[in-house]
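Engineer: Each chain, letter by letter, is given below.
Protein chains: 4
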Amino acid sequence: MTLPTPEQVNAFVAEVYPSAYADGHRCEEMAPGRAVARWLHDPATLRPGGLISGPTQFALADLVLWHLSFTVLGLAPMAVTSDLHITFLRPATGGDLIARADLLRAGKTRIVGDVKLWVDGAPDRLVAHAIGSYARLG
Amino acid sequence: MTLPTPEQVNAFVAEVYPSAYADGHRCEEMAPGRAVARWLHDPATLRPGGLISGPTQFALADLVLWHLSFTVLGLAPMAVTSDLHITFLRPATGGDLIARADLLRAGKTRIVGDVKLWVDGAPDRLVAHAIGSYARLG
Amino acid sequence: MTLPTPEQVNAFVAEVYPSAYADGHRCEEMAPGRAVARWLHDPATLRPGGLISGPTQFALADLVLWHLSFTVLGLAPMAVTSDLHITFLRPATGGDLIARADLLRAGKTRIVGDVKLWVDGAPDRLVAHAIGSYARLG
Amino acid sequence: MTLPTPEQVNAFVAEVYPSAYADGHRCEEMAPGRAVARWLHDPATLRPGGLISGPTQFALADLVLWHLSFTVLGLAPMAVTSDLHITFLRPATGGDLIARADLLRAGKTRIVGDVKLWVDGAPDRLVAHAIGSYARLG
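Sequences listed follow chains A, B, C and D, in order.
For the first sequence, my numbering puts the final residue at 139, and the numbers step up evenly by one.
For the second sequence, my numbering puts the final residue at 139, and the numbers step up evenly by one.
For the third sequence, my numbering puts the final residue at 139, and the numbers step up evenly by one.
For the fourth sequence, my numbering puts the final residue at 139, and the numbers step up evenly by one.
It is worth saying that the hints were derived from the structure and are not from the lab.
Some clues are possibly wrong.
Just so you know, same-sequence chains aren't split out, so a pair can sit in one copy or run between any two.
[What the hints assert, rightly or not] Taking lysine to any residue pairs in the SDA-like style, the calculated list, with each CA pair at most 25 Å apart, reads:
(1) Lys109 - Pro49
(2) Lys109 - Glu8
(3) Lys109 - Pro124
(4) Lys109 - Arg35
(5) Lys109 - Pro33
(6) Lys109 - Gly95
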């Protein structure tokens with residue numbers, strides 16, 4: 002399998018899951034066992050206090066895990082989220098949101114990844130952590 | 002504390018967190034230790050295969066837990082999600098999404114609730130289960 | 002498949018996983034989509050303050066989910082825990098610990114159950130809640 | 002606060018929570034924002050197939066998070082597990098179990114840590130991952 006490029010991932014997501022692309026989610030980096038995604042800051046979606054909402058953070062974590070599955074399975078919608086646990090660590094304010102997924106395990110039926118989320122420019126101040134499993138289909 | 006009505010909850014959410022309201026999330030029922038919410042089916046947000054996306058399900062689970070916190074704290078944005086674990090059980094297709102939150106524990110600093118999600122009309126076929134904690138502020 | 006009785010479950014666990022039996026874990030009830038287990042109170046294992054420890058609660062939750070898998074698969078060690086999320090709700094003190102598992106989903110590769118834990122005699126004061134997945138083998 | 006040494010942690014745990022010490026759990030390393038613990042391999046506790054059981058892995062993950070809380074709060078039983086999510090990645094067989102906890106966030110009421118578990122000698126083949134929160138008391 003050839004690792005898809007971020008441009009290929011973005012084109013694929015824009016085609017098969019257009020609302021995610023419209024919501025400002027972008028693939029930034031694809032590497033063996035790793036994917037990085039970005040959410041383009043959109044003031045219209047903020048929670049009271051100017052906070053980037055929990056659902057926005059979840060959506061980016063879920064998406065970057067899908068990108069991570071592409072590093073294992075190639076560019077095809079052959080995996081669905083099985084479960085995802087997200088822990089919110091700090092208020093998230095200010096800029097774009099970045100999520101980096103690292104592969105913990107690619108098994109026959111399940112892909113498990115660890116996700117760290119931060120506001121662009123502050124990678125040492127994580128705003129959330131997620132761990133999720135994708136079930137391989139077919 | 003007087004239990005807020007669903008109408009009061011909807012008016013409050015529309016004011017302080019308008020994007021949630023705009024995304025079609027509505028409070029349906031408020032009772033001691035229980036809240037029920039609905040997501041109005043929107044084909045534009047579906048995932049490949051016509052599936053109601055994971056982030057849409059998470060957003061409704063998170064929102065109904067916020068509503069649940071109102072049954073304890075009253076109608077004020079004084080609680081934030083601390084962590085949420087969601088397990089996807091079946092493909093979710095077809096109609097509105099319903100989420101029912103039941104209070105497991107209201108402690109001094111934390112409110113814990115259990116959420117069951119199903120497609121309207123099929124309460125015996127859960128599409129997801131979530132458990133989440135809200136941290137009380139102030 | 003015939004539903005195994007609690008006596009059959011206890012005999013099976015004592016044979017294939019003797020340390021669980023030796024630690025005082027017992028099957029109490031087996032029903033379609035449900036299993037109930039008990040931990041016999043053992044003062045030697047308590048945490049500071051006389052609390053039933055988190056690991057003891059986890060062990061009982063994990064075991065009752067295994068029993069729950071027997072209601073689907075029969076009496077065979079053909080499932081392993083895939084992930085388990087436990088939320089501690091109240092200090093657990095005083096007596097035996099009871100855990101009731103309810104089946105949320107039995108899929109082709111995964112069995113998901115919800116577990117409620119309480120101290121014997123106080124079913125309305127949950128001390129913990131767990132949700133876990135078992136992966137079906139073979 | 003002075004960081005406690007592993008010897009001090011072991012002496013403290015042996016005194017206030019003797020069953021954990023008796024079960025073969027040991028503190029190996031304490032550093033700012035990090036703790037490492039070991040479980041001494043005990044064939045009597047294995048699951049069918051010679052596997053290190055889920056509860057044994059959970060107990061070590063929970064304990065190393067307690068050690069991690071000592072790096073923040075000092076050597077006192079002032080924190081209790083609030084929730085813990087464990088994902089099993091591979092069968093764990095063969096030797097001692099090692100768990101390393103890294104601090105994700107130390108807030109006013111909550112300490113969150115990430116735990117990686119492996120069998121001694123194989124740090125690149127994680128057998129489990131956990132994330133847990135400790136609630137600060139008093």
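Engineer: Since the copies are identical, ignore which copy is meant and state whether Lys109 and Pro49 lie within 25 Å (CA to CA) inside a copy, between copies, both or neither.
Structural biologist: between (43 Å within a copy, 21 Å between copies)
Engineer: Within, between, both or neither: how does the pair Lys109, Arg35 come out at a Cα-Cα threshold of 25 Å?
Structural biologist: within (19 Å within a copy, 29 Å between copies)
Engineer: Given a CA cutoff of 25 Å, do Lys109 and Glu8 count as a within-copy pair, a between-copy pair, both, or neither?
Structural biologist: neither (28 Å within a copy, 35 Å between copies)
Engineer: Treating 25 Å as the Cα threshold, decide for Lys109 and Pro33: within, between, both or neither.
Structural biologist: within (18 Å within a copy, 30 Å between copies)
Engineer: From the Cα coordinates, with 25 Å as the cut-off, is the pair Lys109 and Pro124 best called within, between, both, or neither?
Structural biologist: Answer is between; shortest inter-copy Cα gap is 21 Å, intra-copy 33 Å.
Engineer: Tell me, please, which holds for Lys109 and Gly95 at an alpha-carbon limit of 25 Å: within, between, both or neither?
Structural biologist: between (40 Å within a copy, 23 Å between copies)
Consistency note: the structure conflicts with earlier hint 2 alone.
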